[in-house]
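*Asks:* As you go down the protein sequences, you meet chains A and B in turn. Position 63 of the first sequence, counted from 1, bears residue number 63 in the numbering used here, the numbering being contiguous throughout. Position 266 of the second sequence, counted from 1, bears residue number 1266 in the numbering used here, the numbering being contiguous throughout.
It is worth saying that the hints were derived from the structure and are not from the lab. Treat each hint with caution, since some may be false.
[As the list claims (entries may be wrong)] Counterexamples of contact, computed for chain B against chain A with all Cβ distances above 10 Å:
#1 1116
#2 1157
#3 1193
[What the hints assert, rightly or not] For each label pair, taking beta carbons as the anchor points, the in silico distance ranges come out as:
#4 A:113 / B:1273: 40 to 50 Å
#5 A:112 / B:1222: 30 to 40 Å
#6 B:1229 / A:145: 19 to 29 Å
#7 B:1062 / A:185: 45 to 55 Å
#8 B:1163 / A:99: 26 to 36 Å
#9 B:1257 / A:148: 50 to 60 Å
#10 A:185 / B:1273: 25 to 35 Å
#11 A:102 / B:1099: 36 to 46 Å
#12 B:1231 / A:112: 47 to 57 Å
[Claimed, not checked] Which bits of chain A does chain B cover? Going by a derived footprint, with three or more residues having C-beta under 8 Å, they are:
#13 102-110
#14 154-162
Every residue, glycine too, gets a C-beta built ideally from N, C-alpha and C.
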Amino acid sequence: MFSKKERDVERRLEGDCGVGRTGSERLSGADSGRRWVRALTRGGMIAVLLGAGLGLTCFGAPGGPHLMGVPFEPESIFTDDYCLASSIQMWRDYDHVSPHQTQDQIYQWLGGNMLFFSPDLAASGVRHFTDTGIHAIVDAALRSDLTDRHMFLSRQITTVMGQIPALVIYNNHAVIIDGGQWHQDPATGLNVWDTVAIQDPAAFLSDTQFSGGTWVQLTCSDTNGSYKCVDVIPAEYVAQGNANYDSYGGSIRVRGAPPSI
Amino acid sequence: MNRRITRVILAAIAVSSAARANAATPGDRCTPEQRKGVDAYYAAVRVAAGTPGDPMYVPYPFPTSDVRIIADVVYQLRDILGRDAKLPASQKRVLAGISNQTLRYTVTRVEDWTDQACGSIFPAEWDYQIELFDVNLAQKIAVAVVSNTGMFEGAQYAKPGQTAPTLAGLSAAARRRVDLVKPETARYIRAEGTVRCDMFFPCVALDGASMDATVIYVPTEQAFYSLAHGQPLLSAATELNSAEGLSALRAKLGPRERVITVDPTSLAVLERIELQ
Chain A
1 MFSKKERDVE RRLEGDCGVG RTGSERLSGA DSGRRWVRAL TRGGMIAVLL GAGLGLTCFG
61 APGGPHLMGV PFEPESIFTD DYCLASSIQM WRDYDHVSPH QTQDQIYQWL GGNMLFFSPD
121 LAASGVRHFT DTGIHAIVDA ALRSDLTDRH MFLSRQITTV MGQIPALVIY NNHAVIIDGG
181 QWHQDPATGL NVWDTVAIQD PAAFLSDTQF SGGTWVQLTC SDTNGSYKCV DVIPAEYVAQ
241 GNANYDSYGG SIRVRGAPPS I
Chain B
1001 MNRRITRVIL AAIAVSSAAR ANAATPGDRC TPEQRKGVDA YYAAVRVAAG TPGDPMYVPY
1061 PFPTSDVRII ADVVYQLRDI LGRDAKLPAS QKRVLAGISN QTLRYTVTRV EDWTDQACGS
1121 IFPAEWDYQI ELFDVNLAQK IAVAVVSNTG MFEGAQYAKP GQTAPTLAGL SAAARRRVDL
1181 VKPETARYIR AEGTVRCDMF FPCVALDGAS MDATVIYVPT EQAFYSLAHG QPLLSAATEL
1241 NSAEGLSALR AKLGPRERVI TVDPTSLAVL ERIELQ
């Protein structure tokens, strides 16, 4: 017997975008799917899969931004680093879970004192406080392995395709993905991943937008220095994300990034 | 230190175009291998310069004047926002302002102390932050950031009715709390660690020959920190790249201490200071 939460997730995995909140149209699947498969098998790049996903499922036609509408909840206390509590609160509010939980309540549940926090703690908090993240897991990639990184991005994008907010951890910071944008270049036929929309608890303003290249660099690059290629997504999206990676491949470009990434 | 820090002249941060053009490129912060990646990226930017529509195309690669920086950001915002009529209000009014030429732009250079400075996917040895003001509303409505190549990194948009703090406003807030620092240089910086110094609201680093520490102003906390000169640096790769490293670092820090990246590979400890 599945709970309502589980049925919701299952519906989204099956591509029932009727539960989505953007109201954006869904492309008729087969043709666009074949187009993406053809396009993606040319090279080795994948960061793409946002574009691929957008083309195939709930985000509809090229363009954007395609936003899920995650409510912006800035962290209430910067000095104690409430970014994780704030991110979980945004996910919970997106799910319309009652009763409302304050950041303090979430912060205390997480154990307080979070100048540093572990991804496991983040996943635990998402499982406890959200609806669509009830089966959330820590997902990660080896930054030195290009394929592993690309598959990680595929799983992340597939989650967002399913209208579920991924909680992304980078630089000891937590943010929530709220959507993205892509286009097909008429001259080259390239499918270009333009932007990622996030809600950043540390921001003064809502509606933060990064170019695709910046997003990959910030959150999943191969440079030394920070804890990267880590997010929290529902376990249900792992298999589908990997399958998407196997299906889609290469003529995707990421705005602001060279073809070889 | 507190006695010497009696006034911050953050207005000096308004770096001129000439100063930007003459500023040293911090290329030596990258390892030789990282430098190869950055140079390859730069070569790709130059190749794309001849191909409008390319995902790496900008009208003026490596801009050194405000006019060209603004031209680059306007081109890219129009390209990104102009693709769909279903923009949220916060972005629609930016696109309208560009089209109607009712925006005013201010350009500020931001130094990059993160590992993105030496990245191969999207390096940013330094950033240009462009604040967009609606001349009719007389208020800031968005902030965009491009890298030293002119490539669009990101933007934040204010919803109608939402107040967007300006860099000048943040500086004024700092001035109210500090009597005097005698900085010879005042730079906006972007860094990582346990303070927030991001590309949209960077911190301010104040330095001077008479100062035995760099003073860092963190706008999200409205707090000042001391970055002692000559302190042993920590490895960002070791300390921030694993749960074990994070945990060990956490155990070492006192309640008034934070860590911050000071270059693409190193971390330093900051100590909060009270400026009355």
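*Asks:* Could you run down the list of hints and mark each one as holding or not?
*Replies:* Verification of the hints:
1. For residue 1116 of chain B, the shortest C-beta to C-beta distance to chain A comes to about 6 Å, within the 10 Å cut-off, and the non-interface label is violated.
2. For residue 1157 of chain B, the shortest C-beta to C-beta distance to chain A comes to about 4 Å, within the 10 Å cut-off, and the non-interface label is violated.
3. The claim that residue 1193 of chain B lies off the interface is violated: its Cβ sits roughly 7 Å from the closest Cβ of chain A, which falls inside the 10 Å cut-off.
4. Residue 113 of chain A and residue 1273 of chain B have their C-beta atoms about 22 Å apart, which leaves the hinted 40 to 50 Å range violated.
5. The beta-carbon spacing between residue 112 of chain A and residue 1222 of chain B, approximately 22 Å, falls outside the hinted interval of 30 to 40 Å.
6. Evaluation of the 19 to 29 Å hint for residue 1229 of chain B and residue 145 of chain A yields a failure: the beta carbon distance comes to about 39 Å.
7. A beta carbon spacing of about 23 Å between residue 1062 of chain B and residue 185 of chain A contradicts the range 45 to 55 Å that was offered as a hint.
8. Taken as a hint, the range 26 to 36 Å holds for the pair residue 1163 of chain B and residue 99 of chain A, whose Cβ atoms sit roughly 30 Å apart.
9. With their beta carbons about 35 Å apart, residue 1257 of chain B and residue 148 of chain A fall outside the hinted range of 50 to 60 Å.
10. The given range of 25 to 35 Å is broken by residue 185 of chain A and residue 1273 of chain B, whose C-beta atoms sit roughly 52 Å from each other.
11. Separated by about 42 Å at the C-beta atoms, residue 102 of chain A and residue 1099 of chain B satisfy the suggested range of 36 to 46 Å.
12. Look at residue 1231 of chain B against residue 112 of chain A: about 28 Å separates their beta carbons, and that is not inside 47 to 57 Å.
13. Check result for the stretch 102-110 of chain A against chain B: violated, 0 residues qualifying (beta carbon to beta carbon below 8 Å, three or more required).
14. Only residues whose C-beta sits within less than 8 Å of a C-beta in chain B count toward coverage, and the stretch 154-162 of chain A has 0 of them, not enough to reach three; the restraint is violated.
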